[in-house]
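Novice: Sequence:
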Amino acid sequence: PNVVTNGHWWYSNIPVYIENDTRGRLQAVPRTKQIGYYSDMYKLEFALPKFAMYRRILAGVLANDFVIARGWSEQKAVELGRQVLRGNVETIFGKAP
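Its first residue numbered 1, the sequence shown is counted upward by one per residue in the numbering used here.
Read the hints as simulated data drawn from the structure, not as lab findings.
Just so you know, these numbers come straight off a predicted model, no measurement behind them.
Some hints could be false.
As the list claims (entries may be wrong) - List time: in silico BS3-like cross-link candidates among lysine-lysine, alpha-carbon distance up to 27 Å:
1) K33 / K50
2) K50 / K95
3) K33 / K76
4) K50 / K76
5) K33 / K95
6) K43 / K95
7) K76 / K95
Given the sequences, and given the hints that come with them, work out the whole structure.
Specialist: Written out as C-alpha coordinates, the structure is:
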(Lines of atoms letter the chains of each structure in order from A and count residues from 1; the text may use other names and numbers.)
(Lines give C-alpha, C1' and ligand atoms only; values in the text may rest on other atoms or scores of the structure.)
Protein backbone atom coordinates (compact mmCIF):
# COMPACT_ATOMS: atom_id res chain seq x y z
CA PRO A 1 0.00 0.00 0.00
CA ASN A 2 2.92 2.42 0.46
CA VAL A 3 4.54 1.89 -2.95
CA VAL A 4 4.04 4.44 -5.71
CA THR A 5 5.64 4.25 -9.15
CA ASN A 6 7.21 7.34 -10.62
CA GLY A 7 9.87 8.61 -12.92
CA HIS A 8 12.93 7.66 -14.82
CA TRP A 9 16.54 8.31 -13.97
CA TRP A 10 19.55 9.00 -16.17
CA TYR A 11 19.99 6.08 -18.56
CA SER A 12 16.32 5.10 -18.45
CA ASN A 13 15.02 8.59 -19.22
CA ILE A 14 14.75 7.90 -22.94
CA PRO A 15 11.58 7.27 -24.96
CA VAL A 16 11.97 3.52 -25.50
CA TYR A 17 12.35 2.82 -21.76
CA ILE A 18 9.68 5.28 -20.74
CA GLU A 19 7.18 3.76 -23.18
CA ASN A 20 7.88 0.23 -22.01
CA ASP A 21 7.69 1.20 -18.33
CA THR A 22 4.54 3.27 -18.83
CA ARG A 23 2.81 0.41 -20.62
CA GLY A 24 3.81 -2.05 -17.89
CA ARG A 25 2.85 0.24 -15.04
CA LEU A 26 -0.58 0.98 -16.50
CA GLN A 27 -1.21 -2.75 -16.84
CA ALA A 28 0.18 -3.89 -13.48
CA VAL A 29 -0.07 -1.08 -10.93
CA PRO A 30 -3.32 0.34 -9.52
CA ARG A 31 -4.11 3.65 -11.17
CA THR A 32 -4.11 5.41 -7.80
CA LYS A 33 -0.50 4.32 -7.15
CA GLN A 34 1.13 6.00 -10.14
CA ILE A 35 2.76 9.37 -10.51
CA GLY A 36 3.19 10.03 -14.18
CA TYR A 37 6.49 11.77 -14.30
CA TYR A 38 9.45 12.52 -12.12
CA SER A 39 12.97 13.10 -13.34
CA ASP A 40 16.42 13.58 -11.93
CA MET A 41 16.85 16.69 -14.07
CA TYR A 42 19.54 18.93 -12.71
CA LYS A 43 18.74 22.00 -14.80
CA LEU A 44 15.40 23.79 -14.84
CA GLU A 45 15.60 24.10 -18.63
CA PHE A 46 15.23 20.31 -18.91
CA ALA A 47 11.84 20.23 -17.17
CA LEU A 48 9.52 21.20 -20.02
CA PRO A 49 11.11 19.08 -22.78
CA LYS A 50 11.30 16.00 -20.54
CA PHE A 51 7.73 16.42 -19.34
CA ALA A 52 6.52 17.01 -22.90
CA MET A 53 8.28 13.83 -23.99
CA TYR A 54 6.54 11.86 -21.24
CA ARG A 55 3.12 13.33 -22.12
CA ARG A 56 3.53 12.33 -25.78
CA ILE A 57 4.50 8.80 -24.78
CA LEU A 58 1.63 8.53 -22.29
CA ALA A 59 -0.83 9.75 -24.94
CA GLY A 60 0.42 7.12 -27.38
CA VAL A 61 0.20 4.29 -24.85
CA LEU A 62 -3.30 5.35 -23.80
CA ALA A 63 -4.44 5.61 -27.44
CA ASN A 64 -2.95 2.31 -28.58
CA ASP A 65 -3.36 0.12 -25.51
CA PHE A 66 -6.60 1.46 -24.08
CA VAL A 67 -8.68 3.23 -26.74
CA ILE A 68 -7.81 1.00 -29.70
CA ALA A 69 -6.97 -2.31 -28.02
CA ARG A 70 -9.52 -2.23 -25.19
CA GLY A 71 -12.25 -0.12 -26.76
CA TRP A 72 -12.11 2.62 -24.14
CA SER A 73 -13.64 5.98 -24.98
CA GLU A 74 -11.19 8.81 -25.54
CA GLN A 75 -12.69 10.56 -22.52
CA LYS A 76 -11.95 7.58 -20.26
CA ALA A 77 -8.34 7.46 -21.48
CA VAL A 78 -7.95 11.22 -20.97
CA GLU A 79 -9.29 10.86 -17.42
CA LEU A 80 -6.71 8.16 -16.67
CA GLY A 81 -3.97 10.34 -18.13
CA ARG A 82 -5.09 13.30 -16.05
CA GLN A 83 -5.15 11.16 -12.90
CA VAL A 84 -1.66 9.82 -13.53
CA LEU A 85 -0.22 13.24 -14.42
CA ARG A 86 -1.88 15.41 -11.81
CA GLY A 87 -4.62 13.85 -9.73
CA ASN A 88 -2.47 11.31 -7.93
CA VAL A 89 0.16 13.92 -7.12
CA GLU A 90 -2.50 16.04 -5.43
CA THR A 91 -3.95 13.05 -3.58
CA ILE A 92 -0.66 11.50 -2.46
CA PHE A 93 1.20 14.70 -1.54
CA GLY A 94 -1.72 16.95 -0.69
CA LYS A 95 -3.25 19.66 -2.81
CA ALA A 96 -1.38 22.94 -3.03
CA PRO A 97 -3.20 25.86 -1.37
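Novice: With reference to the structure, classify each hint as holding or not holding.
Specialist: Evaluated hints:
At roughly 21 Å between alpha-carbon atoms, K33 and K50 fall within 27 Å of each other, so this suggested pair holds. Pair hint K50 plus K95 holds up; C-alpha atoms about 23 Å apart against a cutoff of 27 Å. Note on K33 and K76: the hinted pairing holds, with a Cα-Cα distance of about 18 Å set against a maximum of 27 Å. A distance of roughly 25 Å separates the Cα atoms of K50 and K76; the hinted pair therefore holds under the 27 Å criterion.
A distance of roughly 16 Å separates the Cα atoms of K33 and K95; the hinted pair therefore holds under the 27 Å criterion. Under the criterion of a C-alpha separation no larger than 27 Å, the hint pairing K43 with K95 is consistent with the structure, at around 25 Å. Taking the CA atoms of K76 and K95, the gap is about 23 Å. The hint holds against a cut of 27 Å.
In this structure, none of the earlier numbered hints is contradicted; all agree with it.
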